[in-house]
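Engineer: Listed below are the residues making up each chain.
Protein chains: 2
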Amino acid sequence: MTAKKIKKAVILHSGGLDSTTCLYWALNKGYECICLNVTYGQKHKKETNCCRKICENLKVKLIEINLNLPWLKDVTSLVGGNKTPIPNEPLSKIKSIGRLPSTYVPARNLIFASIAASLADSIGASAIVMGANSVDYSGYPDCRPRFYVPLERAIFEGTRSAVGGARIAVLTPLLKMSKAQITKLGAKLGVPFGLTWSCYRGGKKPCGKCDACRLRKEGFDKAGIKDK
Amino acid sequence: MTAKKIKKAVILHSGGLDSTTCLYWALNKGYECICLNVTYGQKHKKETNCCRKICENLKVKLIEINLNLPWLKDVTSLVGGNKTPIPNEPLSKIKSIGRLPSTYVPARNLIFASIAASLADSIGASAIVMGANSVDYSGYPDCRPRFYVPLERAIFEGTRSAVGGARIAVLTPLLKMSKAQITKLGAKLGVPFGLTWSCYRGGKKPCGKCDACRLRKEGFDKAGIKDK
Chain Z
33 MTAKKIKKAV ILHSGGLDST TCLYWALNKG YECICLNVTY GQKHKKETNC CRKICENLKV
93 KLIEINLNLP WLKDVTSLVG GNKTPIPNEP LSKIKSIGRL PSTYVPARNL IFASIAASLA
153 DSIGASAIVM GANSVDYSGY PDCRPRFYVP LERAIFEGTR SAVGGARIAV LTPLLKMSKA
213 QITKLGAKLG VPFGLTWSCY RGGKKPCGKC DACRLRKEGF DKAGIKDK
Chain D
33 MTAKKIKKAV ILHSGGLDST TCLYWALNKG YECICLNVTY GQKHKKETNC CRKICENLKV
93 KLIEINLNLP WLKDVTSLVG GNKTPIPNEP LSKIKSIGRL PSTYVPARNL IFASIAASLA
153 DSIGASAIVM GANSVDYSGY PDCRPRFYVP LERAIFEGTR SAVGGARIAV LTPLLKMSKA
213 QITKLGAKLG VPFGLTWSCY RGGKKPCGKC DACRLRKEGF DKAGIKDK
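If you read the sequences in order, they're chains Z and D. Each number in the working numbering corresponds to the 1-based position in the first sequence with 32 added. Each number in the working numbering corresponds to the 1-based position in the second sequence with 32 added.
Read the hints as simulated data drawn from the structure, not as lab findings. Just so you know, these numbers come straight off a predicted model, no measurement behind them. Mixed in with the good hints, there may be bad ones.
[Said to hold, decoys possible] What the simulated footprint calls covered on chain D by chain Z, stretch by stretch (three residues with Cβ under 8 Å from a Cβ of chain Z suffice, anywhere in the stretch; the number is not a length):
1) 96 to 104
2) 138 to 147
3) 151 to 165
4) 171 to 179
[As the list claims (entries may be wrong)] Capping the alpha-carbon separation at 25 Å, the derived lysine to any residue pairs in SDA-like fashion look like this:
5) D:K105 <-> Z:E96
6) Z:K85 <-> D:W103
7) D:K105 <-> Z:R84
8) Z:K105 <-> D:I118
9) Z:K208 <-> D:V195
10) D:K220 <-> D:P238
11) Z:K39 <-> D:K220
[Unchecked claim] Among chain Z residues calculated to face chain D with C-beta under 8 Å, some are:
12) N89
13) K91
14) V92
15) L101
16) V111
17) L151
18) P182
Glycine residues also receive a C-beta, built at the ideal position from the N, C-alpha and C atoms.
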């Protein structure tokens with residue numbers, strides 16, 4: 033009898049509802065999970081703290097990476113030093129050709145996936161799990177299915193997998209789910225909603241007004257679940 | 033009469049021969065160039081110093097990014113803290129299915145390109161220029177043409193370009209050139225060879241033994257050019 037080899041997965045974990053649901057999803061699928069939290073100078077560190085608590089409770093390994101990309105403060109209202117206030121209006125309303133909300137972070141998911149691919153390639157993980165979703169979302173191009181097809185291919189061709197190493201799958205289990213469906217899945221998997229943080233602002237309590245808060249509230253309301 | 037809009041390009045610049053040739057190539061094509069030097073804990077900083085001098089001489093803007101990816105020291109002999117010595121044998125000889133030289137840095141060019149894409153998307157640059165080449169090279173998967181096709185597509189789909197913004201081309205002018213051809217091109221463009229650094233080791237002079245030195249020497253010899 034040979035021992036069953038446990039598959040490893042790298043989870044991009046922001047500490048928010050979606051990525052925490054992804055973590056629980058991957059654990060439920062039997063993956064040994066390694067979480068990766070990548071910060072890029074956000075105005076608050078609430079999410080990273082949530083990440084730490086969630087991983088600590090689950091005894092899951094967490095690796096924290098801090099990126100300092102000096103141009104982000106010029107273009108992204110989420111980043112410290114940027115003077116544009118985080119908007120309250122629903123971002124889907126201001127989305128239009130060539131115009132993206134000020135909360136858009138250029139190439140964020142591409143950078144996150146690349147760093148996760150480096151870790152996966154280094155430890156022999158067979159999957160990267162990302163919480164992107166394209167249904168109830170803020171209009172970011174890197175949250176849509178058409179981005180993930182070439183991304184997975186680029187990771188395949190650009191790593192050890194291309195020369196006979198293990199293939200690294202890019203798994204996005206929430207990609208085509210609504211926020212209500214994600215909330216229901218999270219509830220089913222036992223996600224500790226109270227430990228997750230979605231708000232773009234870093235107050236004591238979520239602001240209830242930004243797009244992240246609005247989408248989260250809609251999700252819980254539609255799912256008929258109470259948010260703690 | 034309307035003023036001609038100058039196209040911007042982000043050059044991934046290590047300070048080595050290939051990326052410096054790329055910088056001169058892009059300047060020669062009329063691009064306004066912004067150089068990006070990304071370090072990841074290498075055992076020496078020789079290349080970054082070369083980068084600074086070259087950019088200073090050309091009055092080209094240089095942005096330096098330091099990445100701290102803690103898993104690299106476990107897998108890459110180029111990174112500080114890794115005890116595997118940088119090999120002297122020609123790396124093409126130890127390349128085989130599933131086996132890559134210890135100088136392989138998992139997902140390096142994917143990470144580099146992602147960060148460059150973020151900068152390009154932020155400043156409205158229409159190109160990223162990378163010095164990868166697949167002819168006289170060390171067998172790294174992320175130096176081959178088949179990697180750059182899905183990479184360019186992922187950058188297109190994952191950035192502002194996918195929603196009507198400017199397209200970001202991934203330009204790899206050296207991809208199918210031999211080291212001799214690159215050396216000839218560099219000589220033609222006036223690349224200051226003496227300011228570039230290729231050696232994997234960080235001694236006072238290049239070691240002359242590592243794969244980077246070996247490939248460089250072969251290139252100059254075949255091109256009939258004297259390396260300063």
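Engineer: Hint by hint, note whether the structure agrees.
Structural biologist: Now for the hints, and whether the structure bears them out:
no.: 1; hint: 96 to 104; in the structure: holds (count 8)
no.: 2; hint: 138 to 147; in the structure: holds (count 9)
no.: 3; hint: 151 to 165; in the structure: holds (count 4)
no.: 4; hint: 171 to 179; in the structure: holds (count 6)
no.: 5; hint: D:K105 <-> Z:E96; in the structure: 16 Å, holds
no.: 6; hint: Z:K85 <-> D:W103; in the structure: 22 Å, holds
no.: 7; hint: D:K105 <-> Z:R84; in the structure: 24 Å, holds
no.: 8; hint: Z:K105 <-> D:I118; in the structure: 38 Å, violated
no.: 9; hint: Z:K208 <-> D:V195; in the structure: 19 Å, holds
no.: 10; hint: D:K220 <-> D:P238; in the structure: 24 Å, holds
no.: 11; hint: Z:K39 <-> D:K220; in the structure: 52 Å, violated
no.: 12; hint: N89; in the structure: 23 Å, violated
no.: 13; hint: K91; in the structure: 19 Å, violated
no.: 14; hint: V92; in the structure: 16 Å, violated
no.: 15; hint: L101; in the structure: 6 Å, holds
no.: 16; hint: V111; in the structure: 11 Å, violated
no.: 17; hint: L151; in the structure: 5 Å, holds
no.: 18; hint: P182; in the structure: 4 Å, holds
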